[in-house]
Amino acid sequence: MSILSITFHTPEHLLSDWEKFQENSLENLIENLIQVENYILSDVESEMLHEGKNTNLLLIFEDENLREEFVDSELLNLQHHIEKEFGEDVMVFKTYLNERKSRM
Numbered sequence: 001m002s003i004l005s006i007t008f009h010t011p012e013h014l015l016s017d018w019e020k021f022q023e024n025s026l027e028n029l030i031e032n033l034i035q036v037e038n039y040i041l042s043d044v045e046s047e048m049l050h051e052g053k054n055t056n057l058l059l060i061f062e063d064e065n066l067r068e069e070f071v072d073s074e075l076l077n078l079q080h081h082i083e084k085e086f087g088e089d090v091m092v093f094k095t096y097l098n099e100r101k102s103r104m
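Just so it is clear: in the sequence shown, position 87 is 87 by full-length UniProt numbering, and no numbers are missing.
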C-alpha cells in the first residue's frame, strides 16, 4: 500500500467557484483515476486556517510504483484542469505518506 495526500488551498473569494468545480469536474476526474485503489475527498478543518479553505484528497495505491506513475501523469493532468479554471489562485500541495505502521 502506498498513500498520497493532495491538498488544494482555495482563497476566500473563490470558494463558491471552487465548490462548483469540485462538484462538476473534480469528483468526476477522481472517479476516473485508474491507478487509485481507494480515495477520500475531504473538507479540512483546522485551527490554523483563517483565510480560505483547504480540501484534501487522500489517495491509496496498491504500491509505490502506481503512486509514482500517478504523480508523473495524472497529478499533472489534475493540476492542469485546476490551473485552467483558477490560474495560480488555487494552490496544490502533494505530500507523500510513507507507512511506518498500519492497522487497516
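Watch out, some of these pointers could steer you wrong.
Unchecked claim - Subject to a maximum C-alpha distance of 25 Å in a straight line, what follows is the list of computed DSS-like cross-link-like pairs (lysine-lysine):
1) 94 - 84
2) 94 - 20
3) 84 - 53
4) 53 - 20
5) 94 - 53
6) 84 - 20
In case anyone wonders, no lab produced these hints; they're calculated from the structure.
Just so it is clear, the structure is predicted and the values come from calculations on it, not from any experiment.
Hint check results:
1. For the suggested pair residue 94 and residue 84, the alpha carbons sit about 19 Å apart, so the restraint of at most 25 Å is met.
2. Using a Cα cut-off of 25 Å, the hinted pair residue 94 and residue 20 holds, with the two alpha carbons roughly 22 Å apart.
3. Distance check on the hinted pair: residue 84 and residue 53 sit about 19 Å apart at the alpha-carbon level, within 25 Å; holds.
4. With a C-alpha separation of about 14 Å, the suggested pair residue 53 and residue 20 falls inside the 25 Å cut-off, and the hint holds.
5. Taking the CA atoms of residue 94 and residue 53, the gap is about 16 Å. The hint holds against a cut of 25 Å.
6. Among the hinted pairs, residue 84 with residue 20 is consistent with the structure: their alpha-carbon atoms are about 15 Å apart, no more than 25 Å.
Taken one by one, the earlier hints all hold for this structure without exception.
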